[in-house]
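Novice: If you're matching them up, the sequences are chains A and B in order. Here this note's numbering is used: the first residue of the first sequence is 7, the next is one more, and so on. Here this note's numbering is used: the first residue of the second sequence is 185, the next is one more, and so on.
These aren't lab readings, by the way, just hints derived from the structure by calculation. Fair warning: this is a prediction, and the values are worked out from it, not measured in the lab. Check the hints yourself; a few may be wrong.
Unchecked claim - Now the stretches of chain B that chain A is said to cover, found in silico as 3 or more residues with beta-carbon under 8 angstroms: (1) 206-215; (2) 218-224; (3) 241-250; (4) 302-310.
Said to hold, decoys possible - Residues from chain A shown here face chain B by an in silico Cβ test under 7 angstroms; the list is partial: (5) Glu56; (6) Leu61; (7) Arg64; (8) Val381.
Note that beta-carbon positions come from the ideal geometry of N, C-alpha and C, so glycine has one too.
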Amino acid sequence: MKENGENMWLKNLPAHTPPEGMWERIETRMDNDLANESLRAQLTGLPEHEAPFGLWARIEQGLARRRAVQFGVIASGIAASLLLAFVLKVLILPEPTNNQPVQAKAKGQIVNPSPGINIGTTNKTGTFAISVQKKQKSDTPREISQTSANLTGTEQSTYTVQYSDKLQDISIPADFSKLQGILSAMLPLKMESVIQSSREVASLSPNVTKTDAAKNITKNDTLTEWLLARSLKDNFPPPPSPAFTNQPKGVSIGFGYFPESMSKSDHGSSAYKTFALVAQYQMPSADFRTGLGISYQSVPLEYKTDYISFSTTSGYVNDTIINNGDTLFGALLDAGAVNISGIEHSSFLYYSIGAGKRIYSNKRISTSLRVGAGVSFLLSNQHNPSGPVYDALKNQSNTIFSNTESNIPDINQTHFDLVTGFDFNYRLHKRWSLSIEPILKYYFNPIYNGSNARSFSTGLRTGILFKL
Amino acid sequence: MNHRTNILERDLVKGCTRNDRNAQRELYYKYCNAMFSTAYRILNDYENARDALQDAFIQVFRDIGQFRGRSTLGAWIKTIVVRSAWHKLRREKRLELEMLNGSYEEVLVQIPEYLNSEYLEKAILSLPDGCRTVFLLVEVEGYSHAETAKMLNVTTGTSKSQLFHARQLLKQRLVLKIDQK
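So here's chain B without its partners, still in its complex pose (with noise of 0.2 angstroms):
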């Protein structure tokens, strides 16, 4: 299964290699839905995740040339969206993102098993744009504070204590839900 998905992820590269438009598309259906959910929860808005994800697949067909497979396609995929979302947000809000004073000691975030995914979607969404495009990178993408860090242009401690803010706040909020409850 995954040497069949292999040979047609190499297809599907040399494809879009060559312009033709088919795989461009084709490519476009495989991981819009993916991507689109990536640009989304980190920009929090429906038309500015819809331009990040045009400009990032522009890009990406532009310069699929120079995807060696080194990752997975869809990894390198993500990232050209993550940087052209990050570099919206910025943009957008003017965004700097700064190292928080403090410990960073583990903030212990348990999610009781009543409250579903659309809430704790909400509750992330909730979050401040900075701490919270970490926490999706880091919890939620599975990205290392260092891959980060290197995507956001950050330091690995601004990283880590971003981290650290958004699961303290996120904590917080999962609270006040399961009082009210």
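So here's chain A without its partners, still in its complex pose (with noise of 0.2 angstroms):
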């Protein structure tokens, strides 16, 4: 420190003491911690619990339903979007009829006939009013011209194809009605290519009235091109409608495999996978199917048993897992009532018949409202508790179970059932199709005797069938 310099007057400052009670506040703040500590670290005693035994069974048994789900929901999604555009297509797009063909379908009547041949004859009778705007090629400027027409009587003509690959260049509007699309759409007809033999059979009395100084507008002209596209109309009417002409009677065989969840069984929620081979018998607006398969059903079950004990000749069992407790040693147990879970695994052979009513079809999709019934034949069922209790108990070579009394419910050794589902069916090939049906099932009987519960599943019907 600098004694006679600037900082000198540092020493004269005024000196301050800590306020009363200050240690003891320090003190106090110590202690605090120091319990703090205390506390954490008997906190971090704290004993630990086990998970709950079959715990992972049932976590395994929701993985399995989530994946189920998620199949359900994109098969739903696809299922959906199918009736969406079925819907869609039947809302929107104009059903080909016979008497309002398509421009495809006319241009397809036409596209190859032999020059020479009569493409058809017409009859018409009665007043046809006439308006045609047209440019006319010969006009010096280009002027467009209007033409109107009012023709009364009867007149037959004959049109024979010339040249038939001019004649690809004919487009026949969808609507004939609209008078003003036609004669626009007529333009671009080549009328050389199509000779009119035209005779009057009646009087026939055209009214042509130039609106302006247009040239080369003849009545025959414009009743050649009317004409024409009503000859056209009236002579290639389209092909039938398409529907059901895809499905023809027969017989189809398959494989089918289908996925089934049940959420509200009396006895928590159960999963079911059917393989099934399929017969299907077709006709026109309705099929009768039926299948007969395996059924394969896992329920995952939690039971009390009343009594269980067991006994070892090595005089050793270890019950740790079972009593919770101190191991035991003894050559006889009794364990008294303990809770079991786990999964039990049944399997059925299944059969089903039922009928569907098409209800629309085309070349390559075809969709049924289907009913039908199924009858289950209990094949087998097994219990398995794969933990820690019986681990315990394998581990002992000669564990002996003695005595097992529990209040395991027995399952139906046959229950009916009711079906109903929406199919979709789509036509991969010639003979291959593959169809997807998400149904409803309602049991008439339960799985399980001594239950009240009766119970709806859900599921999804896959397939492929091969039409012999």
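Starting from two chains that each stand alone, build the complex the way the hints lay out.
Specialist: Okay, structure coming up:
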């Protein structure tokens, strides 16, 4: 420190003392911190609880169910998209009929007519009003002229193809009722490609009014254009509606996979998988289908055994897990009532019949509303509590179960169901088709004896069919 | 050791992302007891804790692709378990955590050494649901008030006031026990 410098005045600053009780506050705070540390140390020693036995099996079930749901959502999305596409097609696109040929149909009919062939005769009676606007190539400068005609009488016309290749230029609009549209569409028509042999069979009273100085517009030209359109329409009807043409009678066989989920059964959620052989008899607007297969079901069960006892010849049983307590030694162990959970796996022989009413069909896709019934016969069932309880026992090679009484529900040997679904059939090839059908199933009798619950399930029937 | 653990965890995460059932099982058995203890203490009910843990692990396997390794895998799983348990608690008990009035001065909780951990846990489990959850998250699991508030979807002030309340009640119950002794 500088004794003679400018910092000397610092020595004369007033001294301050800490407030009363400062040490006590520090002391208290230190005690608190110590106490808190002690509390936390003791809290870290809280006992650890073991996760419940069988929880992993439940999680596995949940994961499988989630996958099934995802699959169902995707399938439902596809089904909904197909349904939406079908509805849009029905609502928006006009159905081709005999009276209203679409452009493509008329075009298709006249692509390759042979030269000289008679392509039709028309008989027209009545009054026709015609109005046409046309650009005349011969006019200089080019002018737009409008011609109107009111015709009364009957004219019979015959049209013969002379130059078939040029006919490909003809385009016919879908809606013939719009006269102006027809005439506009007919303008590119090459008149020299068709020779008209018209003859009047009744008086034809043309009243052609020239609205301007147009030239080279004659009655015949105008009538030819108009009548040709009519002729094409009358003489070349489109092919009949394609509905049901791709669904002839016949028998198909195939293979099906039917995942199914029952979320409201009286023993929690269960999942079915059915693998089946399918046969189908198909008629134009309906079909009958039958299937025979094997169903696999897995249900998580939790039940309490009333009494379980077992003995070993080695005189040692580890029942740490069972009683959650001390290891017992002895030749005989009476574990009393214990809770056991696990998954019951069952297999059934499944037979079903059903009938479908076709709602829509085209070359590729058909949809049907289907109802049917099924019956399942129990083939086997096995409860697999694969967990530490049994592992502990299995480790004792000479462990013998001597007595087990439990209230695990008995499964029904036979159960019946009603099923309804909406089938989407997609034709992959001439003989192969793919079927996807979301279903709703109702079980008449419960799966487990002594249960009052009747169950619904939802599922998806998928299959591939081969037409014999 | 830590490096080895990280490699193991990374493999587990990769396996779970591929929906490898063995990896999922291994992950489950690695963490199930610790996670069940947390869920059980929050819910104070064996069946509900089991359901919450089941939901949590299904969510873990569904969302494991989103685990970026910013925290340990255990911490990430615990967050999901806590949220699952808290969600279940709120739904079952129609619980709304509110900020309590009063000062939040530190309450000293002294635990005599002769009280074993089972009794201490019983005392904690006897606390009301809301403040018990906050106490467990802050004091037992070591989350900060901000983290706790975020997980429980409450304000930091609510978390602090509930902890104050929990400590007060715990102190009373432990004092009672000491007096009985």
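Novice: Would you mind marking each hint as holding or not holding in the structure?
Specialist: Okay, the hints, checked on the actual structure:
| no. | hint | in the structure |
| --- | --- | --- |
| 1 | 206-215 | holds (count 4) |
| 2 | 218-224 | holds (count 5) |
| 3 | 241-250 | holds (count 4) |
| 4 | 302-310 | holds (count 4) |
| 5 | Glu56 | holds, 5 angstroms |
| 6 | Leu61 | holds, 6 angstroms |
| 7 | Arg64 | holds, 5 angstroms |
| 8 | Val381 | violated, 34 angstroms |
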